[in-house]
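**Student:** Sequence lines, in order, name chains A and B. Each residue of the first sequence is one higher than the one before, counting from 1 in this note's numbering. Each residue of the second sequence is one higher than the one before, counting from 109 in this note's numbering.
Rather than coming from a laboratory, the hints here were simulated on the basis of the structure. Be a bit skeptical, because a hint or two may be false.
[Said to hold, decoys possible] Result set (EDC-like, lysine to aspartate or glutamate): computed pairs, CA atoms no more than 20 Å apart in a straight line:
hint : chain 1 : residue 1 : chain 2 : residue 2
1    : A       : 2         : A       : 78
2    : A       : 56        : A       : 78
3    : A       : 2         : A       : 83
4    : B       : 188       : B       : 130
5    : B       : 187       : B       : 214
6    : A       : 70        : A       : 15
7    : A       : 56        : B       : 130
8    : A       : 42        : B       : 179
9    : A       : 95        : B       : 167
10   : A       : 107       : A       : 66
11   : A       : 95        : B       : 193
12   : A       : 42        : A       : 3
13   : A       : 56        : B       : 193
14   : A       : 95        : A       : 15
15   : A       : 42        : B       : 167
16   : A       : 56        : A       : 3
17   : A       : 56        : A       : 83
18   : A       : 42        : B       : 209
19   : A       : 2         : B       : 193
[To be verified] Examples of chain B residues lying across from chain A (beta carbon under 8 Å, computed):
hint : residue
20   : 130
21   : 147
22   : 150
23   : 154
24   : 155
25   : 159
26   : 161
27   : 162
28   : 209
29   : 212
30   : 215
Computed from a prediction, not measured in an experiment: that's the story for all the values here. Where is the CB? At the ideal position from N, CA and C, for every residue including glycine.
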Amino acid sequence: QKEVEQDPGPLSVPEGAIVSLNCTYSNSAFQYFMWYRQYSRKGPELLMYTYSSGNKEDGRFTAQVDKSSKYISLFIRDSQPSDSATYLCAFGGGKLIFGQGTELSVKP
Amino acid sequence: SQTIHQWPATLVQPVGSPLSLECTVEGTSNPNLYWYRQAAGRGLQLLFYSVGIGQISSEVPQNLSASRPQDRQFILSSKKLLLSDSGFYLCAWSLAGAGGELFFGEGSRLTVL
């Protein structure tokens, strides 16, 4: 079983749609849960960071963590073309472990 | 504020040639430094990390090496490039002892022909 598995995509949605991005993990030692956004030919940038189960909201973005089921999700409301990017989940608690990334395209 | 610089941005090299990618961080002291490689459509593979000058940990045996000659400088090198070394290389830093947030450079795209 892989330590981290991320829905591979790619995902294409119309502007204004609600987007759901998901990752599962197997390592119970992970303490930090993150989402990075990576635009084409750029380095990833931290989008959301949390260390507890539940929801964390920041504008149109909501990060959800369920430690009991070992999955995390990122929801994007009212998606915009500028949200088109690859989204990487990441897990910390020692070394940082990244998911494979989900490529999202939001069509105007 | 902290910034990270990585260069060159793009590099095309023949097989068997040497490689040197450089990364510097400004605005912080004693950062943890990292080199990642990202193959097309794949996640980030940690290659090396460093918690201090001269302290390098290698995650994957390979044709590459890393050095940290100064506190905020991290260099990725190879003596002889292979075709399989092609990829997108990312330098990153984090605060020492911090809970995992990484700050990435803009990346260096290496094509080995």
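**Student:** Give a verdict on every hint.
**Tutor:** Verification of the supplied hints:
For the given pair, residue 2 of chain A sits about 32 Å from residue 78 of chain A by alpha-carbon distance, which is inconsistent with the 20 Å threshold. With a CA separation close to 17 Å, the supplied pair residue 56 of chain A and residue 78 of chain A stays within the 20 Å bound. Taking the CA atoms of residue 2 of chain A and residue 83 of chain A, the gap is about 28 Å. The hint is violated against a cut of 20 Å. A threshold of 20 Å between alpha carbons decides the hint, and for residue 188 of chain B with residue 130 of chain B the separation of about 17 Å falls inside it, so the pair holds.
Proposed proximity of residue 187 of chain B and residue 214 of chain B is contradicted: the alpha carbons are some 24 Å apart, above 20 Å. Proximity of residue 70 of chain A to residue 15 of chain A is assessed by CA-CA distance (about 30 Å); at most 20 Å being required, the pair is judged violated. As the CA atoms of residue 56 of chain A and residue 130 of chain B are separated by approximately 36 Å, the hinted pair breaks the 20 Å bound. Under the criterion of a C-alpha separation no larger than 20 Å, the hint pairing residue 42 of chain A with residue 179 of chain B is inconsistent with the structure, at around 25 Å.
With a CA separation close to 11 Å, the supplied pair residue 95 of chain A and residue 167 of chain B stays within the 20 Å bound. Distance hint between residue 107 of chain A and residue 66 of chain A is unfulfilled; the C-alpha atoms sit about 30 Å from each other, more than 20 Å. The straight-line distance between the Cα atoms of residue 95 of chain A and residue 193 of chain B is roughly 23 Å, outside the 20 Å bound, and the hint therefore fails. About 25 Å separates the Cα atoms of residue 42 of chain A and residue 3 of chain A, which puts this hinted pair outside 20 Å; it is violated.
For the proposed pair residue 56 of chain A and residue 193 of chain B, the alpha carbon gap of about 39 Å is over 20 Å, so the pair is violated. Of the pairs offered as hints, the one joining residue 95 of chain A and residue 15 of chain A is violated, with about 36 Å between alpha carbons and a cut-off of 20 Å exceeded. Taking the CA atoms of residue 42 of chain A and residue 167 of chain B, the gap is near 23 Å; set against the 20 Å cutoff, the hint is violated. Straight-line distance between C-alpha atoms of residue 56 of chain A and residue 3 of chain A comes to about 23 Å, which puts the hinted pair past the 20 Å bound.
Taken as a hint, the residue 56 of chain A and residue 83 of chain A pair is honoured in the structure, with Cα atoms around 18 Å apart against an allowance of 20 Å. Of the pairs offered as hints, the one joining residue 42 of chain A and residue 209 of chain B holds, with about 17 Å between alpha carbons and a cut-off of 20 Å not exceeded. Between residue 2 of chain A and residue 193 of chain B the alpha-carbon distance is near 24 Å, which puts this suggested pair outside the 20 Å criterion. With a least beta-carbon distance of about 15 Å to chain A, the hint placing residue 130 of chain B at the interface is violated under the 8 Å criterion.
Using the Cβ-Cβ criterion of 8 Å, the hint placing residue 147 of chain B at the interface with chain A is not satisfied: the shortest such distance is roughly 10 Å. The closest approach between the C-beta of residue 150 of chain B and any C-beta of chain A is roughly 6 Å, which is under the 8 Å cut-off, so the hint is satisfied. At about 7 Å, the closest approach between the beta carbon of residue 154 of chain B and any beta carbon in chain A falls short of 8 Å, and the interface hint on this residue holds. Proximity of residue 155 of chain B to chain A is violated relative to the hint, the smallest CB-CB distance being about 12 Å (cut-off 8 Å).
A least Cβ separation of about 12 Å between residue 159 of chain B and chain A goes past the 8 Å threshold, and the interface hint is therefore violated. The beta carbon of residue 161 of chain B comes no nearer than 21 Å to any beta carbon in chain A, farther than 8 Å, and the hint placing it at the interface is violated. Because the closest C-beta pair between residue 162 of chain B and chain A is about 20 Å apart, greater than 8 Å, the hint is violated. With a least beta-carbon distance of about 6 Å to chain A, the hint placing residue 209 of chain B at the interface is held under the 8 Å criterion.
For residue 212 of chain B, the suggested interface contact is upheld, since its CB lies about 3 Å from the closest CB of chain A, less than 8 Å. A distance limit of 8 Å between C-beta atoms decides the matter here; for residue 215 of chain B the minimum to chain A is near 5 Å, and the interface restraint holds.
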